[in-house]
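Asks: Next come the chains, spelled out residue by residue.
There are 2 protein chains.
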Amino acid sequence: MKPLEFWFEFASTYSYVAAMRIEELCREGGVELVWKPFMLGPIFALQGWNDSHFNLNERRGSYMWRDLERLTDKFGLPWRKPSRFPRPTSNPARVAAAFAREPWIGDFVRRVYVANFGEDREIDEPEVLATLLAECGRPATTVQAALADERRALLRANTERAIALGIFGAPNCVVGSELFWGEEALGDAIEWARR
Amino acid sequence: MKPLEFWFEFASTYSYVAAMRIEELCREGGVELVWKPFMLGPIFALQGWNDSHFNLNERRGSYMWRDLERLTDKFGLPWRKPSRFPRPTSNPARVAAAFAREPWIGDFVRRVYVANFGEDREIDEPEVLATLLAECGRPATTVQAALADERRALLRANTERAIALGIFGAPNCVVGSELFWGEEALGDAIEWARR
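For the protein sequence lines, the chains are A and B, in the order given.
The numbers in the numbering used here rise by one with no breaks, and the one at position 53 of the first sequence is 123.
The numbers in the numbering used here rise by one with no breaks, and the one at position 20 of the second sequence is 90.
Among the hints, a few may not be true.
What the hints assert, rightly or not - Straight-line C-alpha distance at most 30 Å; calculated DSS-like pairs for lysine-lysine:
| id | chain 1 | residue 1 | chain 2 | residue 2 |
| --- | --- | --- | --- | --- |
| 1 | A | 151 | B | 144 |
| 2 | B | 144 | A | 72 |
| 3 | B | 151 | A | 72 |
| 4 | A | 144 | B | 72 |
| 5 | A | 144 | B | 144 |
What the hints assert, rightly or not - Simulated restraints, written as ranges between beta carbons of each label pair:
| id | chain 1 | residue 1 | chain 2 | residue 2 | range |
| --- | --- | --- | --- | --- | --- |
| 6 | A | 136 | B | 189 | 49 to 55 Å |
| 7 | B | 126 | A | 264 | 31 to 37 Å |
| 8 | A | 115 | B | 91 | 32 to 38 Å |
| 9 | A | 158 | B | 234 | 35 to 41 Å |
| 10 | B | 115 | A | 192 | 36 to 42 Å |
| 11 | A | 195 | B | 72 | 41 to 47 Å |
| 12 | A | 231 | B | 247 | 37 to 43 Å |
What the hints assert, rightly or not - Some chain B residues near chain A, calculated using beta-carbon distances under 8 Å:
| id | residue |
| --- | --- |
| 13 | 120 |
| 14 | 122 |
| 15 | 125 |
| 16 | 129 |
| 17 | 130 |
| 18 | 135 |
| 19 | 236 |
| 20 | 238 |
| 21 | 249 |
| 22 | 251 |
| 23 | 254 |
Source of the hints: derived by calculation from the structure; they are not laboratory data.
What you are looking at is a predicted structure, and each value in this text was computed from that prediction instead of being measured.
Glycine is no exception: its CB is placed at the ideal position from the N, C-alpha and C atoms.
So that you can see chain A by itself, here it is in the shape it has in the complex (with noise of 0.2 Å):
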């Protein structure tokens, strides 16, 4: 069986609904999962846009944002609309970058996402993003491990990887050489990881 990985961008809402059940599928289907947190930002750079096209295209957006009223309450998510959207999110990125393979990530992620979404934090401080891995049992010093140069790279390295897979949005769940993206696709994806 081939591991799912899963590809995610902490600004991005539908990401939010995804990261939030794809431990819990791929715990129920037997699929091993990996967390590939990546920037957006220069992946919609190479798509000609300098904002979240939910921005860029009203009708788009505005249809989004009852979307995910609708997604988060049908999966009994915490959602409050973000009063900045989308947010910086390059240091929970690097956090979860570099501890991408430790046992608390999945923990972490979720944390990390019910703060810019259900409780309209700013996730890029490092105040907060210490207070989330506390309540993961994780030292504050995590935090600036990952931010340390030499971590920072992981980061960059999972958006280059992004960028070749051919990425174009979020969430996307990557098995072998099959591109799955969007928040309906997790079970299409677990699918062909069990084939």
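Assemble chain B onto chain A, guided by the hints.
Replies: Okay, now just chain B, sitting in the frame of chain A:
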């Protein structure tokens, strides 16, 4: 229980996958289905596009073509990548708008989609439409009846209504005041109609 309006465009690949399944899904769910053909061109123009975004955005387009191979395989639907995309579709859309409430409309819509995406045929040509209508047991005069001036307004009115509904792509389901976009949202839309 609220009826479900299925808003589709014959040039849209994801509308194909959804259109092939929607009638059966509604029947299974006990939901009344209303066929709503419209034109995406004016709606793309509102978003500043002079072509399908799958052509304008190469990363997005590459993904869609692979995704369609997977989805048509998953649902057992015919698939041949069309030699022309997007195809002109106003004539089949006029027929569907003119006869949207006829009992043969679902059969006709599916035959047009299979001709476009399973057989690479020019579905805007009246002779092709006459052949497809004959397969539905309809006389050849059906095309001319749909293209008459007094009936053309039906498709234009649908497109104007789609704009007013906030539609930005296809396919869509509209249930009451709720819009559900995308092939993956059919299940949620049917659940909404049953609430």
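Asks: Hints broken by the structure, by number, lowest first?
Replies: Result: hints 1, 6, 13, 14, 15 and 18 break, sorted rising.
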